[in-house]
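Asker: Knowing the structure of chain A, use the given hints to seat chains B, C, D, E and F with the ligands on it.
Protein chains in written order, with the numbering used here: chain A, 1 to 434; chain B, 1 to 434; chain C, 1 to 434; chain D, 1 to 77; chain E, 1 to 77; chain F, 1 to 77.
It is worth saying that the hints were derived from the structure and are not from the lab.
Among the clues, some could well be false.
[What the hints assert, rightly or not] Subject to a maximum C-alpha distance of 30 Å in a straight line, what follows is the list of computed DSS-like cross-link-like pairs (lysine-lysine): (1) C:Lys263 / B:Lys36; (2) A:Lys37 / E:Lys39; (3) C:Lys36 / C:Lys254; (4) A:Lys263 / C:Lys36; (5) C:Lys36 / A:Lys266; (6) D:Lys39 / A:Lys37; (7) A:Lys266 / C:Lys37.
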Amino acid sequence: MEKLIELFLASGAYNISGGQIVMIFVGLLLLFLAIKKNFEPLLLVPIGFGGILANIPEAGLAYSAVENAAHFAVPEVMNSLAAALNITSTDPKEIINAYHNSSAAEHQAAINAALDGGYANGMLYNFYSVAIGSTAAPLLIFMGVGAMTDFGPLLANPRTLFLGAAAQFGIFATVLGAVGLSSIGVMDFNIQEAAAIGIIGGADGPTAIYVTSLLAPHLLGAIAVAAYSYMALVPLIQPPIMRALTTDAERKIKMHQLRHVTKLEKVLFPIVLLILVALLLPDAAPLLGMFCFGNLMRECGVVDRLSDTAQNALINIVTIFLGLSVGSKLSADKFLDLQTLGIMSLGIVAFCIGTAAGILMAKLMNKMMGGNAINPLIGSAGVSAVPMAARVSNKIGLEYNAQNFLLMHAMGPNVAGVIGSAIAAGVMIKFVSG
Amino acid sequence: MEKLIELFLASGAYNISGGQIVMIFVGLLLLFLAIKKNFEPLLLVPIGFGGILANIPEAGLAYSAVENAAHFAVPEVMNSLAAALNITSTDPKEIINAYHNSSAAEHQAAINAALDGGYANGMLYNFYSVAIGSTAAPLLIFMGVGAMTDFGPLLANPRTLFLGAAAQFGIFATVLGAVGLSSIGVMDFNIQEAAAIGIIGGADGPTAIYVTSLLAPHLLGAIAVAAYSYMALVPLIQPPIMRALTTDAERKIKMHQLRHVTKLEKVLFPIVLLILVALLLPDAAPLLGMFCFGNLMRECGVVDRLSDTAQNALINIVTIFLGLSVGSKLSADKFLDLQTLGIMSLGIVAFCIGTAAGILMAKLMNKMMGGNAINPLIGSAGVSAVPMAARVSNKIGLEYNAQNFLLMHAMGPNVAGVIGSAIAAGVMIKFVSG
Amino acid sequence: MEKLIELFLASGAYNISGGQIVMIFVGLLLLFLAIKKNFEPLLLVPIGFGGILANIPEAGLAYSAVENAAHFAVPEVMNSLAAALNITSTDPKEIINAYHNSSAAEHQAAINAALDGGYANGMLYNFYSVAIGSTAAPLLIFMGVGAMTDFGPLLANPRTLFLGAAAQFGIFATVLGAVGLSSIGVMDFNIQEAAAIGIIGGADGPTAIYVTSLLAPHLLGAIAVAAYSYMALVPLIQPPIMRALTTDAERKIKMHQLRHVTKLEKVLFPIVLLILVALLLPDAAPLLGMFCFGNLMRECGVVDRLSDTAQNALINIVTIFLGLSVGSKLSADKFLDLQTLGIMSLGIVAFCIGTAAGILMAKLMNKMMGGNAINPLIGSAGVSAVPMAARVSNKIGLEYNAQNFLLMHAMGPNVAGVIGSAIAAGVMIKFVSG
Amino acid sequence: MDNLLSDGLELMVFGMGFVAVFLTVLVFATTGMSAVVGKYFPEEPAQPKAKKKAAPAADNDDELVAVMTAAVHKYRS
Amino acid sequence: MDNLLSDGLELMVFGMGFVAVFLTVLVFATTGMSAVVGKYFPEEPAQPKAKKKAAPAADNDDELVAVMTAAVHKYRS
Amino acid sequence: MDNLLSDGLELMVFGMGFVAVFLTVLVFATTGMSAVVGKYFPEEPAQPKAKKKAAPAADNDDELVAVMTAAVHKYRS
Ligand code: NA
Ligand code: NA
Ligand code: NA
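Okay, chain A solo, but in the shape it has when bound (with noise of 0.2 Å):
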């Protein structure tokens, strides 16, 4: 009977907490989001059952030995906990946040304690150790990433970086709101944080789980979630924006047809790329490091075996992982706060102003050029969210002049919207980490 009343004060329904009932309601309907409506299913799904996991009462599946340890609180753990860690108190809360805070000494101190009165880590934590805490998962989908990226439509036409570029506008717009926010207290971000969220508008996964898990990694959940949601919704936000920004004329512009690139082009631009980061912005070196990388793979037609398990096999294991630890920040106590619901504000701000200052600017070309040689429509292009957003340029362009394929000149926007924003976060760690 003993027993009995024991597994009944063990057991999930006996513990669950609001909170993690509406975390498990948040992580089902990402589930639904990504089955039902195709939002970056690759993604969502393993992010959403992870969010799943991450909540369920008593299992610890997300925490680290210490966190499990003071969840259940046994006095004794309590007291070796705070020894290791030179506190005095021994209330869970404090230990908890004196952990976070410990030296590299204390902090290892405090796991030999955690570990003696037989806790461990949960088998998300150590996902979200070995896959987003070393950065290597983020830098491997970027490899793949760049292993399945054409520059063929950029080489052709270089000048379409411009609107790569203009398109991260919308980032640091969002950090410029998140601090402005914050000056006038209706949030409270601070730098780090708001560069973590102005990330969200560069439209690209790995780039913003990279940021933010060297700036603001108890942010991932919010940043991660609302990074690929928006990148799912991206033909339903940017049509609008793209149809009040340009005139009638502007979208039925046909584009000159691209010039053919040769095979040596498409291997120098990845070493060109690299070396222009070697010179320039140390600081994007491993993320636009390993995106040449797999970009060199593909295109030196001697290692197609490596650029063929860098596409599929390697990718999709770290996708797994990467998704169940993205999940495991999805615990009820990181996640449910008002700062979430500031960051998926902000979030759609930052990519509805990108794909402004990407039509803008290409506007802006257009005139430069003439008014006959580019499309606006392609601008939009520039925040990245390959080949989606690509893909709205062409849809768009095609309703006004059935004859005008955009699809390839809006890839040379797209896929320089990767390195825009990859550039755009080596400067944030730049400023901001240091």
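Answerer: Frame of chain A, contents of chains B, C, D, E and F with the ligands only:
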């Protein structure tokens, strides 16, 4: 000349112990069974080979740095190990003992002392730590199994879940048997060890490895070998029990065609199961969570590339490391023990009891449903051992009624048995490890 | 304005050293050789690219947290590093030196101090630790190579093993050369370094990387680059030696057809080899154990899905990380050294001596067997470099006798050379590391 | 020793009981879920086509690639 | 708080400026690279064949396997 | 320095010697193994078929899947 003697003194031929010779033959026997007799070759080839590697004298492939240091027993290193572990004796055996019972900080200090002495972890020890010590490998295998499992037959006839429940009786009866033998002094198992042995009756490899790695890691070699060997022997073990417990009339019962199961039901099932686990038994969440995740990836239809990877590249990679890691526990000093004999004997008892319980439950259900609804032969499939046990049900059924295909009907209890033993695993982890 | 200056002061263009420029060109040269000249591209593309990444100024991708801290040399961090390492100097160079020679506990304390100072391991450093520091990557590559190797030609004519033995003379002669040069003061290699250099003559990439990572990890960059470059140059290096050491009549010898080899022989061969290794040279057990495991998976016929994964997804993933990790050792301060020149020179000598020794042994065997049994051209294949060296034997043979296909005959010594150099590796690890 | 035996007995009773309860609840939950699905979300008869629609992302990408390839060829010929 | 706002403003100005500068440099570098390639390394007309030559290692291995397979068959028949 | 040279010499003599001894033993072991196999376990003439039989597990699974698929189709048609 000196070097020649040194070489000879360090050779395997000079140092090999009787136990190592025996264990190398055990490894060869496992390879023979796997390759010639087709006993679960995907696991037993790596396990058998790993077992041979673990018993190569002087190579220390299966040992940690500290164990390797203790094996060579250089006095200064023994002194610093004793100091690290806060004991006075420098006897290698006592050092190993103290090491296994040390606090996390002493553990780390001992490792440091061994590294300073020039010793390193063996290759198989590293594989074990990463694959099984972290519990990652059995969970990833379970994810892959989930991605391979079709719950259609179960959904068409959910009552077959009762058969999967009943067959788990083998697990608990064996636990009782193991503690009983210990009570009367024949064997010497504690409750953790008894629980790990019982799980052999679950007829599910990754579940057995997961539970054993948590409750009784020193028995992992024997338990994994028993579990996979007996699963391979299902076509020999089950038929006599099936024939003994059923009447001729029962064996000829023809079951109704299974109804069509919709895609939506298949998508929702892993979610329903996950939520029940979350509410009722959080300790089963890692195992069943990963299982449900794999199954959702399979059924949702929007992440086929992740599902394919989970079923192929990822599960294959993990299987290689899991098998070699299990093999590392076949070193002579850990495997050659009276306990191993006890484990092998109790394991087969568990299998037989589970089979019998499944059949008796099927007979009972059949009686309660009018005597013509359930062919009791499908009850034995409730032990899991997917899909072997279901195939055995089908084969015996055809012997008595050449028109009666029981395969699909037996797949229901078969996959129910996987769920049942994962639940049993959760209960045991809950009650026995704390 | 301040920020602009900060950005410039932190840019690669401002900080780049002459050594880094040179090494970036070395990286580009390796990429050129790999892509245009097809020099072992699977390895040299990742190595070359990793080499460029490792030399991006200020990015510190190839450095540990402590090295990165010492690079920026913030006074407080230097103080805490000095305290952690128990030295009084806070000079970065002395700190790095003390770090490399520290005990395991001091090592950990220094890492903690660097982490507390806000420094982290570079991405490539992490890859190196996981892939090569653990010795896992070369062993897994060897497993994959085993799964790709057909021992049929060797089994049909086991005497070709003698050719594989003879060709390893290049290894040991080079060791003697390296210590000789050091004795007379031209170079300055210790015995560990000499052994690692000699292994280049084994013409086997993973073996060279494994041995070097154990005996002289600081030379890994030069040795790996030399090993793979010279393997690619086999078609240029070997033919002149082959022509010089053989007579026209010898080159025209037509060898007997190889007998048919049964499946059982192929299954038993890796087991026989493993048991010999276990009995005679446990230090070769990791390398040859994984090699035999891969080959057994290939030949046993019951674990094809594991064998396929070992030959494809797994070996490709490991190759990517191995290559980038080797590239991390091409940082200017580790590679640009007179030693590197010595290594490149001695490496090619090793290749030439090995080739010559193989041919001379083939001539001797041919003499002893009546002068018409063995075409000495197959002797050069004994250096390994599978399958390039065997193809060279075949090509030269066809030049002199258009009907004489030596390819299959040369595959025997070719794979024997893999075994031979792994044995040589074991001997050197045994004698030189302890 | 008696203690061990009683532990084992208790584990058997509660363990087997819990397994039975859990799977019984699962039977009800599954049956209920299937009933709700059958009533409110019946499957359209043309099931094979429904399957194809399930992965529009992939399809779209394929389409994209096809368009891109076609475009490239056109520009080059 | 003012400090935070000025930090944000500074980040915007320098960040956006740097992105613009970097991509502008990249436009020039890419254009220059393409010009050099076009002038000194023009692609031969028969491009599809060039592609095939690109992976001689693999080709050679295939050829090797073919030779070996043929040889094995010959010796066994 | 002399010490280093003698170490190198010793390594050469013992290393090369050991490689030679090991591979010689391997020649004998392999030859012996082949002889035993040839005498006691000669291969049946119909070798290609033997190969196919080698992976019965996979075959069985395929068969199972085929049966299951057939069954499902039957029930649905
Ligand atoms: Na972007
Ligand atoms: Na079971
Ligand atoms: Na060799």
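Asker: Given the hinted pair lysine 39 of chain D and lysine 37 of chain A, is their alpha-carbon gap at most 30 Å?
Answerer: 22 Å, holds
Asker: Next pair to validate is lysine 263 of chain A with lysine 36 of chain C; report whether the Cα-Cα distance is within 30 Å.
Answerer: 12 Å, holds
Asker: Assess, step by step, whether the Cα of lysine 266 of chain A is no farther than 30 Å from the Cα of lysine 37 of chain C, and give holds or violated.
Answerer: 18 Å, holds
Asker: Holds or violated: lysine 36 of chain C and lysine 254 of chain C, Cα atoms, limit 30 Å.
Answerer: Measuring from Cα to Cα gives roughly 36 Å; hence the hint is violated.
Asker: Tell me if the straight-line CA distance from lysine 37 of chain A to lysine 39 of chain E falls inside 30 Å.
Answerer: 50 Å, violated
Asker: Between lysine 263 of chain C and lysine 36 of chain B, is the straight-line Cα distance small enough, at 30 Å or below?
Answerer: With a Cα-Cα distance of about 12 Å, the restraint between lysine 263 of chain C and lysine 36 of chain B holds, given a limit of 30 Å.
Asker: Taking only the CA atoms, is the gap from lysine 36 of chain C to lysine 266 of chain A under or equal to 30 Å?
Answerer: 14 Å, holds
Checked against the numbered hints given earlier, the structure breaks hints 2, 3 and satisfies all the rest.
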